[in-house]
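Student: Residues per chain, in single letters:
Number of protein chains: 2
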Amino acid sequence: MEKKYVIGIDLGGTKINGALADLEGNVISQHIIPTNASEGEEKVLNRIFQVIEKVLTDASKTSEDIKAIGIGSPGPLDAKKGIIISTPNLPFDNFELIKPIKEKFNIPTYLDNDANVAAIGEHIFGAGKGTENMVFITVSTGVGGGAIINGKIYRGNTCNALEIGHTTIEKDGPRCNCGNYGCVEALASGTAIGKRANEAVERGEETSLKNYKELTSYEVFKEAKQGDKVASGILDSCLNYLGICVANIIATFDPEMVIIGGGVSHGGNIVFDKVREVVKERCLESMANACSIVPAGLGADSGVIGAVALAISESDD
Amino acid sequence: MEKKYVIGIDLGGTKINGALADLEGNVISQHIIPTNASEGEEKVLNRIFQVIEKVLTDASKTSEDIKAIGIGSPGPLDAKKGIIISTPNLPFDNFELIKPIKEKFNIPTYLDNDANVAAIGEHIFGAGKGTENMVFITVSTGVGGGAIINGKIYRGNTCNALEIGHTTIEKDGPRCNCGNYGCVEALASGTAIGKRANEAVERGEETSLKNYKELTSYEVFKEAKQGDKVASGILDSCLNYLGICVANIIATFDPEMVIIGGGVSHGGNIVFDKVREVVKERCLESMANACSIVPAGLGADSGVIGAVALAISESDD
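These protein sequences, in sequence, are chains A and B. Each position in the first sequence, counted from 1, maps to that position plus 123 in this note's numbering. Each position in the second sequence, counted from 1, maps to that position plus 123 in this note's numbering.
The set of hints was computed from the structure by calculation and includes no laboratory data. It is possible that part of the hints are untrue.
Okay, derived cross-link-like pairs now, DSS-like style, lysine-lysine, Cα gap no bigger than 25 Å in a straight line [what the hints assert, rightly or not]:
hint	chain 1	residue 1	chain 2	residue 2
1	A	K397	B	K294
2	A	K203	B	K252
3	A	K294	B	K403
4	B	K204	B	K275
5	B	K203	A	K252
6	A	K318	B	K294
7	A	K294	B	K352
8	A	K222	A	K252
9	A	K275	B	K203
10	B	K294	A	K294
11	A	K275	B	K275
12	A	K275	B	K397
13	B	K203	A	K352
14	B	K275	A	K204
15	A	K275	B	K204
16	A	K203	B	K275
17	B	K397	A	K403
18	B	K352	A	K252
19	A	K294	B	K397
Everything numeric in this text was worked out from a predicted model, so none of it was measured.
Let's have the full structure, built from the sequences with the hints guiding it.
Tutor: Pasting the structure below:
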């Protein structure tokens, strides 16, 4: 019997989001429960079992109907071995996640990190549909990425390819959480934007940003749109670095498309106009002209749709 | 009849170097003639014909024995269409190089740029033998690169992937020939090393470099080895940038190996020690530890052996 369905699981620090979908990505049933990460790895694993059972029941399907399960999780992880090595908001420590799921349900199960899963989702169902070579980057608290090369996700030797957030674009730039200086993540992430805003307020600059108790990139975008010059200046500087990051991606991968997702991308035109301007300034013209720079096509459910796409993509091999 | 030989052509601004080899890369016959580039594109094409005929005759082979011809040339070029778009030292202007060769000899013929050809050569016959994912960079007057991904050269959308020399690693760095600022090529190439040396002499710094009429990276390496502090300082600074470039490559590709070739790599330990030190400082530890950084394995004939490797690799598809 031909198996016509897959299950995608978006495993996050606060919730487990699971969906059963057909091979065109149409969701038949979906179930979301809290992760309760503090209860430990076995309990979280059992809650994943619970989500899988629930989406099966709700769709009136059995394991027999399911071609594959895809799981997206924060990393670092080993996609080939199906092991979550560690992650700040989940209790896993070198935990074999895939094996027990595969064994319990007798369904091929695949794991990958959030950024790769989002890249696969964008490639199969989102803005990157139909491309052969594309790079997805997510810009929020951190900066991560995934590359589709010759139609397939590129993982690299230790499953850490596209750690684009930790490439250096300013030799003596600010220190990054990773220990390095001048990383993209320390200069162009949502966190970096919020940090620059807090520094401006601490310096006593005349800005409407001082009216907030807590400053994140969200408030900086909001005040810049209201005409605050300090907020605009911060965005211009941070988005210039994001533009350098995208220009470097284009020079390196010569892709058909760079897709930008994550919280910062919701800033809209101000983000994309600046990034395109910097790319035009810094890239070889023919490569810049051949590459489109676009926002992510999948919305709030991109994590679980990406996991569905992972299941489809891996089981097609 | 099984075809057991290939021909490789290294097309350069001063000479055309051709070899007929077996599928293990053993050269059976080789012929080198001046390019005489100033005579124009048709004359150069005829000289390529002449080299192909000569290596066939010298090896007592005919077109029937040859599986494929591989040609390495400076770019920019379109490998898919077999067209040389333009190149500073050759007379070609959007010249269809491959078609007339294919038609004359009735042998499948493939074209690629120098850096990709060298990467394929290193992968099949050189330091990168047996790797699945590796990046080759050449550091001489310019900085170029080629990536082997899942065992195959990665060309990108417009055949310009791995323009690693034109990635930005210092936002407000010196202007590059490409028009951008702070490119790897403007900071870490042999040309950049020579330029820093000339600037030091012009500033009147106390250094043995002032005893040379013309200063290139060669003299800087030589004087640094003799203990000249200014020369050592220049190398330290430029090789720091080269280290940042390699660290960015590792963060991006997570490769098994980075191979460094080109004139600057002949500097030896001083180059590799510094690059490895910077990578250790800047890269995520697990990725840095999993990636070896090594000198190119092919010597003076790397261009023509790379072209042989291109012929083998493309005709195997």
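Student: Output the numbers, in ascending order, of every earlier hint that fails for this structure.
Tutor: 8, 12, 13, 17, 18
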